[in-house]
Amino acid sequence: MHVCSLRLSHFRNYDTLEVEFHPQLNLFLGSNAQGKTNVLEALYCLSTTRSFRGSSDDEIVQFSQEAAAIESVVQREEGQEQVRLELRRDKPKTLLVNGKKQKKLSSLLGRLPAVVFSPDDLFLVKGGPSLRRRYLDTMMFQMDAGYLAHLQQYERALKQRNSLLRQRVPNLESQLAVWDLPLAQHGAAIMKRRLEISAQLSRSAGEALRDLTGGAEKFEVRYEPTLPVEGDEGSLEKKMIEAFTKARREEIARGVTVVGPHRDDLGLWVNGQMLRKFGSQGQQRTGALALKLAQLDILAEGCHTAPLVLFDDVMAELDDKRQAFFLNRLQQGGQAFLTGTAPADFAAAQAKARVFRVEAGKIQMTQEGPKPVPVRA
Amino acid sequence: MAEYPPSLERLLHELEKLPGIGPRTAQRLAFHLLKQPADISRALAAALVDARTKLHPCRDCFNLTEETLCNICASSNRERSSLLVVEDPSDVVAFERTHEYRGLYHVLGGTLSPLEGRGPQDLTLDALVERVKKAGSFKEIIVATDPTVEGDSTALYIQQLLKGVTVKVTRLARGLPSGGDVEYADESTLLKALEGRREL
Chain A
11 MHVCSLRLSH
21 FRNYDTLEVE
31 FHPQLNLFLG
41 SNAQGKTNVL
51 EALYCLSTTR
61 SFRGSSDDEI
71 VQFSQEAAAI
81 ESVVQREEGQ
91 EQVRLELRRD
101 KPKTLLVNGK
111 KQKKLSSLLG
121 RLPAVVFSPD
131 DLFLVKGGPS
141 LRRRYLDTMM
151 FQMDAGYLAH
161 LQQYERALKQ
171 RNSLLRQRVP
181 NLESQLAVWD
191 LPLAQHGAAI
201 MKRRLEISAQ
211 LSRSAGEALR
221 DLTGGAEKFE
231 VRYEPTLPVE
241 GDEGSLEKKM
251 IEAFTKARRE
261 EIARGVTVVG
271 PHRDDLGLWV
281 NGQMLRKFGS
291 QGQQRTGALA
301 LKLAQLDILA
311 EGCHTAPLVL
321 FDDVMAELDD
331 KRQAFFLNRL
341 QQGGQAFLTG
351 TAPADFAAAQ
361 AKARVFRVEA
371 GKIQMTQEGP
381 KPVPVRA
Chain B
52 MAEYPPSLER
62 LLHELEKLPG
72 IGPRTAQRLA
82 FHLLKQPADI
92 SRALAAALVD
102 ARTKLHPCRD
112 CFNLTEETLC
122 NICASSNRER
132 SSLLVVEDPS
142 DVVAFERTHE
152 YRGLYHVLGG
162 TLSPLEGRGP
172 QDLTLDALVE
182 RVKKAGSFKE
192 IIVATDPTVE
202 GDSTALYIQQ
212 LLKGVTVKVT
222 RLARGLPSGG
232 DVEYADESTL
242 LKALEGRREL
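Chains as they are written, first to last, in the numbering used here: chain A, 11 to 387; chain B, 52 to 251.
Hints listed in this document are in silico derivations from the structure and should not be mistaken for laboratory results. Bear in mind the structure is a predicted one, so any value in this text is a computation, not a measurement. Think of the CB as a built atom: it goes at the ideal place given N, C-alpha and C, for glycine as much as any other residue. Be aware that one or more of the hints could be misleading.
Claimed, not checked - Here's a subset of chain B near chain A, in silico, CB distances under 10 angstroms, partners left out: (1) Thr149; (2) Gly170; (3) Asp197; (4) Val200; (5) Glu201; (6) Ser204; (7) Ala206; (8) Leu207; (9) Gln211; (10) Leu212; (11) Ser239.
Claimed, not checked - Here are the simulated PhoX-like pairs of lysine-lysine, each with C-alpha atoms no more than 25 angstroms apart in a straight line: (12) B:Lys68 - A:Lys249; (13) B:Lys214 - A:Lys101; (14) B:Lys185 - B:Lys214; (15) B:Lys185 - A:Lys248; (16) A:Lys202 - B:Lys68; (17) B:Lys243 - A:Lys169; (18) A:Lys248 - A:Lys169; (19) A:Lys113 - A:Lys101; (20) B:Lys243 - A:Lys113; (21) A:Lys256 - B:Lys214.
Build the full structure now, drawing on both the sequences and the hints.
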């Protein structure tokens with residue numbers, strides 16, 4: 011599967027854009043703030059319905075315009091598919107597949123999986139737990155639509171419950187109880203799934219780190235929930251309700267729900283030491299890369315297709331050995347999109363890629379790239 | 052930019068307070084009315100005032116009525132053994148259209164929603180419990196709130212309230228819509244449908 015073409019209108023700094031991609035390697039070169047990342051962002055929107063920069067639709071729609079559109083033709087095994095996503099100010103997005111309006115945006119998820127590599131990945135290791143939860147979640151709901159449904163309902167119930175906790179009402183206990191149940195039901199489902207994926211992640215990221223460091227370091231990803239995840243979903247649900255009861259006094263005093271997957275974290279350990287606290291900058295960077303590589307592997311398996319690789323300004327950070335490693339990885343499958351400022355950083359990649367020059371919201375193809383080598387779909 | 056005359060401004064202002072109506076729609080409605088004969092506006096105003104003065108909640112079920120009791124509560128043809136609890140009067144109409152349900156209704160006036168500041172005291176929950184206890188004829192209370200987080204929590208709250216009363220409390224089944232396509236159902240709907248499957 012690959013993206014054949016992309017059309018943008020009123021998207022960020024692109025008035026209109028039409029570009030045809032190479033099925034394997036695409037390289038976007040240009041100075042900063044010319045619109046390189048915007049192309050990757052548009053592709054990521056088609057994959058996950060949202061921006062990887064955490065931007066709202068309002069920020070994405072071009073200044074003085076009401077709506078933006080991303081349209082692409084995707085080549086699948088079963089044929090070509092046209093996907094169009096329309097973004098508006100203050101209004102929900104609309105999704106059209108082959109010209110037909112889709113009821114749910116979420117029907118897009120998992121059809122065109124993508125993984126972004128960006129300099130911000132370092133925050134996956136150094137930043138707060140919410141970033142690691144988002145990393146888990148975006149990976150999960152591309153593979154498992156049920157997970158997204160649980161997460162949305164969990165968050166809704168959590169908001170209601172927290173709001174209730176801050177109100178001074180007479181029969182608080184009995185009112186809280188009716189929110190405890192949906193929280194426990196959806197919470198248990200989420201925690202179960204996160205535990206499973208964390209185990210897979212630990213294996214996958216461990217392998218990736220061994221590849222990156224030549225087998226020198228042992229990487230471990232540990233799921234860190236607010237209560238032990240044991241037994242089946244039913245018994246976990248009961249344990250959550252017990253935990254709510256136990257924490258009731260603290261919750262009322264603080265006005266927030268203190269137990270549940272909204273407080274989960276992923277512990278990252280290298281050679282038995284906590285990466286966030288004791289890792290060197292280099293180790294942390296490598297750890298973040300390993301997490302992203304693991305995401306690539308897991309999504310490829312879970313979505314039954316090689317994800318798009320969006321490589322935003324990362325090549326320059328890698329030494330020659332790693333550049334070669336990544337280039338090799340990229341060629342094993344999946345369509346890749348790389349951005350950078352200096353052509354010199356892409357010496358090895360350039361010969362194999364279609365190259366585009368990006369300048370002030372205009373894109374020009376400067377090299378068509380080699381005839382595509384057939385790879386596994 | 053020229054301003055509208057005060058009376059028009061006021062009309063627009065009032066229209067914009069209505070749900071789903073923004074400045075543009077308000078303008079369209081106002082100009083449409085002003086283009087029509089004055090009788091049309093008069094009829095609309097009269098209908099609004101009339102509805103507002105005559106309608107009030109039914110004494111027993113809180114559905115809208117012009118009498119003390121709504122025609123369902125007042126009817127001698129309804130079964131007094133089952134009570135269907137709904138969020139809004141429009142839900143009553145929806146169930147009546149099925150011509151299948153013959154019991155009585157109880158209109159809650161919404162769901163619990165702390166975010167919107169709606170607690171049990173803002174719904175007709177106390178009246179519901181009192182009604183069930185006093186009547187003594189109900190064998191089944193069917194909770195038909197929406198299948199949302201809020202609807203489910205409200206259903207749960209009703210179940211709690213009725214714990215001491217010897218009556219069966221049930222919740223509407225959820226699953227696939229008829230005429231729908233299994234392929235296009237979302238996962239949570241499919242899961243619920245699978246849970247609620249029945250032997251053929």
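Query raised in the report: Is Lys68 (chain B) close enough to Lys249 (chain A), meaning Cα to Cα at most 25 angstroms?
Result: Roughly 46 angstroms separates the two Cα atoms, so the pair is violated.
Is the straight-line distance between the alpha-carbon of Lys185 (chain B) and that of Lys214 (chain B) 25 angstroms or less?
-> Satisfied, since the Cα-Cα distance of roughly 15 angstroms is no more than 25 angstroms.
Quiz item: Under the criterion of a CB-CB separation shorter than 10 angstroms, is Leu207 (chain B) in contact with chain A as hinted?
Solution: holds (4 angstroms)
Tell me if the straight-line CA distance from Lys202 (chain A) to Lys68 (chain B) falls inside 25 angstroms.
The given pair, whose Cα atoms are some 46 angstroms apart, is violated under the 25 angstroms limit.
- Query: Given Val200 (chain B) as an interface hint, is the shortest Cβ-Cβ distance to chain A below 10 angstroms?
  - Reply: holds (5 angstroms)
Quiz item: Any CB of chain A closer than 10 angstroms to the CB of Ala206 (chain B)?
Solution: Nearest chain A Cβ about 9 angstroms off; hint holds.
- [ ] Decide if the proposed pair is consistent with the structure: Lys256 (chain A) and Lys214 (chain B), CA atoms, cutoff 25 angstroms inclusive.
- [x] At roughly 24 angstroms apart (the allowed maximum being 25 angstroms), Lys214 (chain B) and Lys256 (chain A) satisfy the hint.
Check your understanding: Holds or violated: is there a CB of chain A closer than 10 angstroms to the CB of Thr149 (chain B)?
Key -> Constraint on Thr149 (chain B) not satisfied, violated at 25 angstroms.
- request: So, Leu212 (chain B) near chain A? Judge it on the closest CB pair being under 10 angstroms.
  value: Result: holds, 9 angstroms to nearest chain A Cβ.
(message) Check the hint pairing Lys185 (chain B) with Lys248 (chain A) against an upper bound of 25 angstroms on the C-alpha distance.
(response) violated (35 angstroms)
| chain A contact restraint for Gln211 (chain B) - C-beta distance below 10 angstroms | The hint holds - Gln211 (chain B) has a Cβ within 10 angstroms of chain A, the shortest such distance being about 6 angstroms.
Given hint Lys113 (chain A) paired with Lys243 (chain B) - CA-CA distance at most 25 angstroms:
holds (19 angstroms)
Hint check: violations occur at hints 1, 3, 12, 13, 15 and 16; the rest are consistent with the structure.
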